[in-house]
Amino acid sequence: MKTRILIGGLALLSALLFVANGAWAGQVRGVTDTEVKIACLVDLSGPGKYGGPPIADAFRTYVAWINDTGGIHGRKINLIVEDNGILPNTTMIAARKVLLKDEVFALAFNLGSAGSSAILPLCEQHQAVLMPHGANKEFFIPGNKWVFVPHTVQYSMASRAVEYILETNPKARIGMIYQDDGFGKEGLDGARAAAAYMGSQIVQVAPYRTGTIDFSSHMSAMRDAKVDWIVLWTYLPQSAAIIKQKTVMNWDVKLISNNTTGVPPLFALAGAEADGYMLVTPYAPGWMDLPGIIRIKDLTKKYGDYEKTLGNPSYPDYLYMAGWGYIEAFVQGLRMAGRDLTPESIVTGLERVRDFDMGGVSPNISFSPDSHVSSFSSLVLRANGEKGRFEIIDPIKEPKTPIQ
Amino acid sequence: MGRKFKTSYQQDSALFQNLWVKSWLAIAIVVLCVLPFVLKPYELSIMNGIGIAVIGALGLNLLTGYTGQISLCHGALVGIGAYSTALLSANLGLHFLVSLPLSGLMAAALGLIVGVPSLRLKGLYLALGTLAFGFIFEYVILHWNLTQGEMGLAVPRIQFASFVVETERHFYFLILITAALATLAAKNIARSKIGRCFVAICDRDIAAEAMGISLTKYKIMAFGISAFYAGLAGCLLAHYQQWIVPGNFDLMLSISYIAMIIMGGLGTVLGSILGAGLITLIPHGIVYLTDAFKDVWPGLSGLIVSFKLGVFGLVIVGTLLFEPRGLFGIYQRIKVYWKTWPFKY
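Quick note, the sequences are listed as chains G and S, same order. Counting from 1, position 4 in the first sequence corresponds to residue 3 in numbering that gives the first Met the number 0; the numbering is continuous, with no gaps. Counting from 1, position 286 in the second sequence corresponds to residue 285 in numbering that gives the first Met the number 0; the numbering is continuous, with no gaps.
Each hint should be verified, as a subset may be incorrect.
Short, incomplete list of chain S residues facing chain G, as computed with Cβ under 8 Å [to be verified]:
| id | residue |
| --- | --- |
| 1 | 44 |
| 2 | 149 |
| 3 | 155 |
| 4 | 165 |
| 5 | 241 |
| 6 | 244 |
| 7 | 246 |
| 8 | 321 |
Sample of chain S residues lacking proximity to chain G, with all beta carbon distances greater than 12 Å (derived) [unchecked claim]:
| id | residue |
| --- | --- |
| 9 | 112 |
| 10 | 126 |
| 11 | 141 |
| 12 | 147 |
| 13 | 150 |
| 14 | 153 |
| 15 | 193 |
| 16 | 201 |
| 17 | 207 |
| 18 | 209 |
| 19 | 219 |
| 20 | 223 |
| 21 | 251 |
| 22 | 252 |
Keep in mind the hints are simulated off the structure, nothing from the lab. Each residue gets a CB set at the ideal place from its N, CA and C atoms; glycine is no exception.
I would like the entire structure built from these sequences, with the hints used as guidance.
Written as C-alpha cells, this is what we have:
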C-alpha cells in the first residue's frame, strides 16, 4: 500500500512539473552586440583524425583574419573547435556541448555524414545552421532549411568520375571498390547512375568494411571481371593499400578515386607507385598559382602557421582549403544577413550568397532558396609520382547525369 | 530490537527497509524533481543521457550481475528497441505509449533467441555468440532498405494530445518516470523468486539445477527481461535524438554498458544507477575539465583529445584495481563507516 502511495505521489509530482513548460528564450543564442559564436566540429581523435586538424587550422586562420579586420557588422567571431570523433555517438555529444553549453549560433562545419544525420534534428530544434562535410543526398533532396553544403556532393563526384572514364574510353569495363557505409554507397549510386546514363554499367563491385587495408580479394575479383578501370570510393589509407596491391599483382589497371584521397600524404604512403592515380575533387591542388590559392597562402602567412600548413609539402592541403571554403561561405552568409543577426536572417543571408569568387580554388559559392548545395561540379586530377603532386587533367565541369 | 534487526522474511525482503531509506528516497525524489528548474539545458541533456543509460544498465545487470550470463550484444538490443519505435511510430503512426512497450517486446523476442545458445555456451564462448548477434544486427540495419542504411531514420516527436515533448526538460521528466518505474521493477524482480533463481544460477548453475531450478526457463527469461529493458532504453533514445543511425548501436555501446555494471557494482540495482551515471559523465567531465583550464592552460584540450580514450580506460582499470566491487562497494563502505562510527568495526 505504502509503495503504491509512493509511486502515485511520484507520478503526480512529475506530471505537475512535466506540464510546467520552461522558457529559455530570450536573445539570440550565441549572438551579442560584439560577438557571434560559431562551432567547427572535426575529428581529432577518431577514425578520421587525419582530416580534422587541417580543417581546424583553416578555420582558425580565417577567423583570426576576420577578427583582425574588425569582424562582420561589428561582431567578432568566437570560434569553438570541438572534437566530434566522426562517429554518430561522439558527434552527438559534441553537438550537444556546443549548442547547449557553449550556446553557439551555428555549426559552420561538421565532419562525417552519419554524424551529420544524427545531429540534424538537434540543429533543427535549436534553429542552428548546419554545414555538413561529406553530404549525402538526404541532405539536399528535398533539402532542409537549416542545412547548407558549400562543397560538391559525393554523388556528383562519382558521376563525374564515371563520365570522365567513358568519355575518354567508351568501351571501358568499370569496376568499383567502395566503403560499405553511407559515404561509399553514395559514391556507388552516383557511379551506377552515370554508367547507366552513358549506356554502360559497373561490371563488378566490391564493398569493404571501414578500416580494411587488405584488398587482395577485392582486387582479384576485379581482375577476374576483366575490368580496366576501377572507381575507388575509399579513404586515404585504403587507396594507398590498393595502389600497392595493384603493384604486387603487376596489373596495369587504371584507378580513379574521390576528393578525400587527393592529398600529398598519398605519395608518402604509396610512393612513386601512386603515379597515374586519378581522382575527382572540387578543389585545385595547393601548389598551383591560382588567385584564390595565392590569397589563401598570403592570409595564412599573416594569420596562421604557414610553415606547418600550406608551406609544408606533405601537408594535406585539400582539407585545409575545403575548411577554408566552408568558413568563407558561412562568413559571406553573415555579411548578407546584416546587423540584425537571427537564425532566420542567417538562412536568408546564406541564400543570398551568389557566385562568390573563390579565385579558381574551387567552384564559386552560390546558394539560393531552392538550392542549399553550392555546386555539383568538380575537376579531375592525376598524380605525378615523379614530382609528388597532383595535376589537373580535366577542368571544372558538372556531370550530365541527373541526380536520382 | 525489532527496528535494529530483521526478524521476519518479509522485513528482510522489504523494498524500503527502514525509515532512513525512505527518508533518503524522499529527498532524492524531491531533488530529482527540482533539478530541471535549476540546471541548464546542457546539464539536463547529461541527466537525460544518464537516465536512458540507467534503464539499459539495469537490464544488463539482471542478466550479467544477477544471472552470470555475459552479453556483448546489449547495444544491438538497444538498437532493436530504437529501430522498432522509429518504424512503428513513423510507418504505422503508433503512439509512443504503444510503441514503448512494443519496442521492449520486440527486443525481448530477439533477446530470447539470443538466450538459446546460453543453454549450451558459457563464459567466453557465450560472449562470442552474443558478439556475433551484434554483428548480424549491424549488418542487417546497414543493408536493409527499410532501415535506410548508414544515414538512418527520422523518429517522430512524442505527443500527448496537443502537448509535444520537445525540450530537454520535457524529456527529463519522461525519462525520469520511465527510469524510476524500471528501477522499481528491477528491485522487485531481484527480491522475487525469479531474482533468487537468477542468483542461484549465477552462483553455481549445476547446484541450482539440482535444487529444481529450470536453467532453460530462467536463463532464457534473464535474456528476455534484459533485452526488454534494452528495448525501452532504445525507444527513449530514439525519440530523444529524433534520428537514429546504425553507428549509435555499435560494439562500443555494448562495452559501455558492461563498463557501467562493472564499475557500478555487479548484481546490484544501485550499482547499475551509479555505473550508468559515471560512464555517461566521463566524456562530459572531460569537457568541463578542458573548459575550466582553457584560459590558464590552452594546450590542455589538445592534450586531452589525444588521451581521451586513455582517460576512459584509466578510470576503468583504476576502479577494477582499487575497488573491484565498483561504486556500490564504495557506497557500502561509507554506509558501514557511518553506521559504526566512532568505532572502526
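Outcome of the hint check:
Given hint, residue 44 (chain S) at the interface with chain G, holds; its Cβ is 5 Å from that chain's nearest Cβ, closer than 8 Å. Annotation: residue 149 (chain S) was flagged as interfacial toward chain G, and the flag holds, the nearest CB pair being 4 Å apart, inside 8 Å. Taken as an interface hint, residue 155 (chain S) does not check out: its beta carbon lies about 10 Å from the nearest beta carbon of chain G, beyond 8 Å. Interface restraint check for residue 165 (chain S): the shortest CB-CB distance to chain G comes to about 7 Å, inside 8 Å, so the restraint holds.
Interface hint at residue 241 (chain S): satisfied, since its Cβ lies 3 Å from the closest Cβ of chain G, which is below the 8 Å cut-off. Satisfaction of the interface hint for residue 244 (chain S) is found here, the shortest Cβ-Cβ separation to chain G being roughly 5 Å, below the 8 Å cut-off. Here the hint on residue 246 (chain S) is kept, as its CB sits about 4 Å from the closest CB of chain G, short of 8 Å. With a cut of 8 Å, the hint placing residue 321 (chain S) at the interface with chain G is violated, because the nearest CB-to-CB distance is about 27 Å.
The beta carbon of residue 112 (chain S) is kept farther than 12 Å from every beta carbon of chain G, the shortest such distance being approximately 25 Å. Once the 12 Å rule is applied to beta carbons, residue 126 (chain S) is consistent with being away from chain G; the minimum gap is 21 Å. At roughly 7 Å, the least C-beta separation between residue 141 (chain S) and chain G is not larger than 12 Å, which violates its mark as non-interface. The claim that residue 147 (chain S) is not at the interface with chain G is violated, since a C-beta of that chain comes within 12 Å of its own (minimum 8 Å).
With a least beta-carbon separation of about 5 Å from chain G, residue 150 (chain S) fails to lie farther than 12 Å from that chain, contradicting its non-interface assignment. For residue 153 (chain S), the requirement that its beta carbon stay farther than 12 Å from each beta carbon of chain G is not met, with the minimum near 7 Å. Even its closest Cβ contact with chain G, about 18 Å, leaves residue 193 (chain S) beyond 12 Å, as expected for a residue assigned away from the interface. Its beta-carbon lying about 27 Å from the closest one in chain G, residue 201 (chain S) satisfies the requirement of being farther than 12 Å from that chain.
Against the 12 Å criterion, residue 207 (chain S) stays outside the reach of chain G, whose nearest CB is about 29 Å from its own CB. A cut-off of 12 Å between C-beta atoms confirms that residue 209 (chain S) is not in contact with chain G; the least separation is 35 Å. Its beta-carbon lying about 29 Å from the closest one in chain G, residue 219 (chain S) satisfies the requirement of being farther than 12 Å from that chain. Under the 12 Å C-beta cut-off, the non-interface status given to residue 223 (chain S) relative to chain G holds; the minimum distance is some 24 Å.
The beta carbon of residue 251 (chain S) sits about 7 Å from the closest Cβ of chain G, which is not more than 12 Å, so the claim that it is off the interface is violated. With a minimum CB-CB distance of about 7 Å to chain G, residue 252 (chain S) fails to clear the 12 Å threshold, and the non-interface call is violated.
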